[in-house]
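Number of protein chains: 2
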Amino acid sequence: MIKVGIIGVGTVGTSVAEILRDNADMISARAGVDIIVKSGVVRNLSKKRGLDIAFSDSVDDILDDEEIDIVVELMGGVEEPFEVVKKALHAGKAVVTANKALLAYHRYELQAIAKDIAFEYEASVAGGIPIINALRDGLSANHIESIMGIMNGTCNYMMTQMTNDGVAYDAILKESQELGYAEADPSFDVGGFDAAHKLLILASIAYGIDAKPEDILIEGIQNVTQEDISFAKEFGYAIKLLGIAKKDANEVELRVHACLISQDEMIAKIDGVMNGISVIGDKVGETLYYGPGAGGDATASAVVANIIDIARSGKSAPMLGFNRPMEGDKLTLKPTANIESKYYLRVSVTDKAGVLASITKIFESHNISVETMLQRSSDNESANLLISTHIAYERDIQAMIDELEALDFVNARPVMIRIV
Amino acid sequence: MIKVGIIGVGTVGTSVAEILRDNADMISARAGVDIIVKSGVVRNLSKKRGLDIAFSDSVDDILDDEEIDIVVELMGGVEEPFEVVKKALHAGKAVVTANKALLAYHRYELQAIAKDIAFEYEASVAGGIPIINALRDGLSANHIESIMGIMNGTCNYMMTQMTNDGVAYDAILKESQELGYAEADPSFDVGGFDAAHKLLILASIAYGIDAKPEDILIEGIQNVTQEDISFAKEFGYAIKLLGIAKKDANEVELRVHACLISQDEMIAKIDGVMNGISVIGDKVGETLYYGPGAGGDATASAVVANIIDIARSGKSAPMLGFNRPMEGDKLTLKPTANIESKYYLRVSVTDKAGVLASITKIFESHNISVETMLQRSSDNESANLLISTHIAYERDIQAMIDELEALDFVNARPVMIRIV
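Going down the list, the sequences are from chains C and L. The numbering used here puts the first residue of the first sequence at 1, with every later residue one more than the last. The numbering used here puts the first residue of the second sequence at 421, with every later residue one more than the last.
There could be a bad hint or two in this list.
[What the hints assert, rightly or not] Pulled from the structure, derived: some chain L residues nowhere near chain C, Cβ distances all over 10 Å:
hint	residue
1	Phe502
2	Gly701
3	Thr707
4	Tyr709
5	Arg732
6	Gln818
7	Ala826
[Unchecked claim] Computed footprint of chain C on chain L, listed as stretches where at least three residues anywhere in the stretch have a Cβ under 8 Å from a Cβ of chain C:
hint	segment
8	441-449
9	543-553
10	630-644
[Claimed, not checked] Below, a list of computed lysine to aspartate or glutamate pairs in the EDC-like style, where the Cα atoms sit at most 16 Å apart:
hint	chain 1	residue 1	chain 2	residue 2
11	L	Lys423	L	Glu499
12	L	Lys750	C	Asp25
13	L	Lys689	C	Asp25
14	C	Lys269	L	Asp489
Keep in mind the hints are simulated off the structure, nothing from the lab. Glycine included, each C-beta is placed from N, C-alpha and C at the ideal position.
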C-alpha cells in the first residue's frame, strides 16, 4: 500500500483525495497497489471538506510520518513550499506538485536534491493535459525545434470573447472575474507571468535550458483592442497569448506575448478557457496537445497520474528529462534584442499631411520593411495606422517605437503585437 | 550501453537507426546511457540503406545474440512477428513494435508472456502522437468515458479533399494512390480496418477490454458522396472516419465508421493526413492529441521514445495499463445491435406521388424519429431523400434499411452515416 500526504487541501487537494477515493478500484488495478491518502495539512483546521482523512495544521506531521511515501505539495507560493519539498526529499519521500512558480525558480536545485527520488509535476503546466509526459517521454527521440502554446486559459477566454462578441478589454476582464476565470488582481494572468512559468518548465525539458522569469521576454494582453482584432480578422489572423520556445542554431528564444497567428494553424482554433500546446520535433513534425488548463478535477487528474506512476515504478525518468547535459549541443538563451519576428503596429497619429511619409521614412531608417498599412480615422483630428511588417529584429522595432513615441504627431506610445 | 536489433529494416526501421545515430548525443543525455543499433534483419540482403550496422537475413541472428537488449519488430504481418516477439521475450529481451495488427489480435497473450519484461508499442497507434503514453500514464486517474479519433490519415485526407475541392470519391482515391497516401489495394484503409486495429489497442488501455476486429462494427468511407458532404456542410457537420470507444454503464461500444460531426468540435477541425484523438475522462474532461499518424520519421520517433523509456527504467508501466483486472467495474462489449446514435440516411427513390408518405410511415414503424428531411431531384424520374434522425437503435436502423431496400420505389440500398 502506498500512503499519500497532501500539504494544502484546497480545491485541487480535495479533488486529489476524492479521485483516489472514488476511483480507487480502477487506480489500484492500474497501479498494481492500493493508494490511500493518509493525511492532509491545512492552515485552517475547521475545513474538512468532507474527507475522511487525518488533518493537521503542521507540515511536520506529514514530513515526519514514516508511513507516508508520497508528499503532494499544493500549498502555493515559492520559498515556503521550496523548504517543505526539500525536507520531504531529504526524508526520502517522493514529491508531486502542481506548483509552477516553485519550478520556475527552483527546478534545477530540486532536481539536484531529488537525485533518485521521484519528483513529479505534470499538473504544473496546462493542468489536465499530460504535456510533461508527452514532451519528456513521448517525444524524447526528437530535437525540439519549437514549442508554441496557449498556456493561460484566462487570456484565451478573454481573447476569444473579444473576437466573437466584439466587446472591449475592460468589459471582458470584468466578466472573467465574475465567472471566476480571472483573479481580483488579474495581472499574473493577463500580464503573461503565469504562462511564462509554464514555458520555462517546458523549455528545461525540451532544451535543458535554465532560465528564470526575469531572463525572458514577458508581455501580456492588456493593450489589445477591438481595432487590433478587426485588423487580425481582416488579414486571416487570430490573436492569442502564446508562450513560445524556439531553437535557432545554438540559441533558444523564450517569450510570452500576444500574437497574431494564422487562423489556419491548429493552435489558432483553440477557443475559450482551453489550453493547447504545439510542439515541433525534428523527426516527428508537429504534434499538439489540447485540454483544460485549470480547474480542480483536471489539475488533480494530473497529480494523481503522477502518484500512480510513482506507485508503479518509482522514478521512471529524470526529473527534467536529461540524465546529463548534452555534450555537443550547448544551448544558450537568445538575447531578447536578437529575436526576429514579423510585427503588427498600431500608431495613433494626428491626421495631417505628411504624417504618412514621415512614418514610412522612420520605418526605412530602422531597416523595417512594411508589408501592409491601413489607415483608420478615429475622429476628425486623429487616425490609427495599422501596420504589419516583414521579418525584423526586436531591437530595431523597439528603437523605432521609441522614436515614433517621441514625435509630436504621434499621440501615444505605439502598440505592437508580434506575428507568428 | 544498450544494444538494439531491428527486425525489418524498411522505411520505419531505417528511420529508427538514423535517429539513434543522428540524435545520439541528445538521446544519451536523456536516457543516461548510450543506445546503439547493433544489427538489422532484412529479407533482401542487398539493401543496406546507408546504415553502418550488421545485416542478416535470419531473425535468429538477433534473437540468439546475447548482447542485444531490445528487439524492434517492424516486419509486418501477424503470425510471423507473433512467433518472433514471443521468442525475443522468452530470451529476456525487451520488445518494441509498431505492429498494430499483431496487437489487435495478440496483445493479451503478449502481455501474459512479457510479464516483467518491457513490451512497448507507442508507434502502433497514431504514429508520432504519444497517445499510448497519454492514455496509459497521463490519464491513468480517470475512468475513460469515451475515445473518438481520426486514426487513419488516408481516409482523413480523402474526406478533407472531397469537402474542400468538391471532387468525387473515385477521383480522390486515385489521387491519394498517386501521392502515396493510399495503397494499390486501399481496402485496409478506406474500409476502416486499419483504424479498427488502433481502436482495439486504445480500448484495452482505457477499459481493459479484450476484443478482436471481428467482434466490432467496422465500416469505411466508400459510400460517401458529394451529396452527403453537401448535406453535412448545410447542417454544420464535417464527415470524418472515426474510431469510437464509449462507456455506457458496464458496457463499452467499439466502432469504426464514417461520421457526421459538428464542425465546432476540435476533432472536426483536423484536416488532411493528420490524426487526432479526443479522450474524455471522468475527471479531466476532454483532452485531444494531434499529429502525424504515419510516415517513417514520425513513426520512428515513437519507436525510439519507447527505446529511451526502456533504457531509462526498464518496464515502467503494465503493458496494457492494468496490473490486474478491476474488481467492481467488469466491462463487457456492447452488442452492435444495441448501439444508439443519430443517423443520416440517403435514400434514392422514384419521384412519384405517395413515396414520401410511405417512407415516413416506415420510419415511424421502426420507432425512428426524423429530425430533418431534404429532397433533391437528381433527374426527372428519381430523387434523393436526405434524412437525419433523432437517437435510435442500430438494430432498428438496420431493419429499416433492409425494409426500405426491398421497396419497388427505392432504387438502391439506402446509404447510412452515423451522426455523433
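Taking the hints in turn, this is what the structure says about them:
No Cβ of chain C approaches the Cβ of Phe502/L within 10 Å, the least distance being about 26 Å, so the stated non-interface status holds. Against chain C, the non-interface label of Gly701/L is violated: not every CB pair exceeds 10 Å, the least being about 6 Å. Not every C-beta of chain C lies more than 10 Å from that of Thr707/L, the closest at about 3 Å, which undercuts listing it as non-interface. With a closest Cβ-Cβ approach of about 6 Å to chain C, Tyr709/L is found to fall inside the 10 Å limit, against its non-interface label.
Chain C draws Arg732/L into its interface by the beta-carbon criterion, the shortest separation being 5 Å against a cut-off of 10 Å. The non-interface label for Gln818/L is consistent with chain C: the shortest C-beta to C-beta separation is roughly 34 Å, beyond 10 Å. The claim that Ala826/L lies off the interface holds: its Cβ sits roughly 45 Å from the closest Cβ of chain C, which is beyond the 10 Å cut-off. Residues of the segment 441-449 of chain L with a Cβ under 8 Å from some Cβ of chain C number 6, which satisfies the need for three, so the listed coverage holds.
As drawn, the segment 543-553 of chain L meets chain C at 4 residues by the rule of a beta-carbon pair under 8 Å; at three or more, the given contact holds. For the segment 630-644 of chain L, the proposed coverage by chain C is not satisfied: 0 residues have a C-beta within less than 8 Å of a C-beta in that chain, short of the threshold of three. Among the hinted pairs, Lys423/L with Glu499/L is inconsistent with the structure: their alpha-carbon atoms are about 26 Å apart, more than 16 Å. Taken as a hint, the Lys750/L and Asp25/C pair is honoured in the structure, with Cα atoms around 11 Å apart against an allowance of 16 Å.
The hinted pair formed by Lys689/L and Asp25/C fails the criterion: a straight-line CA distance of about 36 Å is larger than 16 Å. Distance check on the hinted pair: Lys269/C and Asp489/L sit about 44 Å apart at the alpha-carbon level, beyond 16 Å; violated.
The structure shown violates the earlier hints numbered 2, 3, 4, 5, 10, 11, 13, 14.
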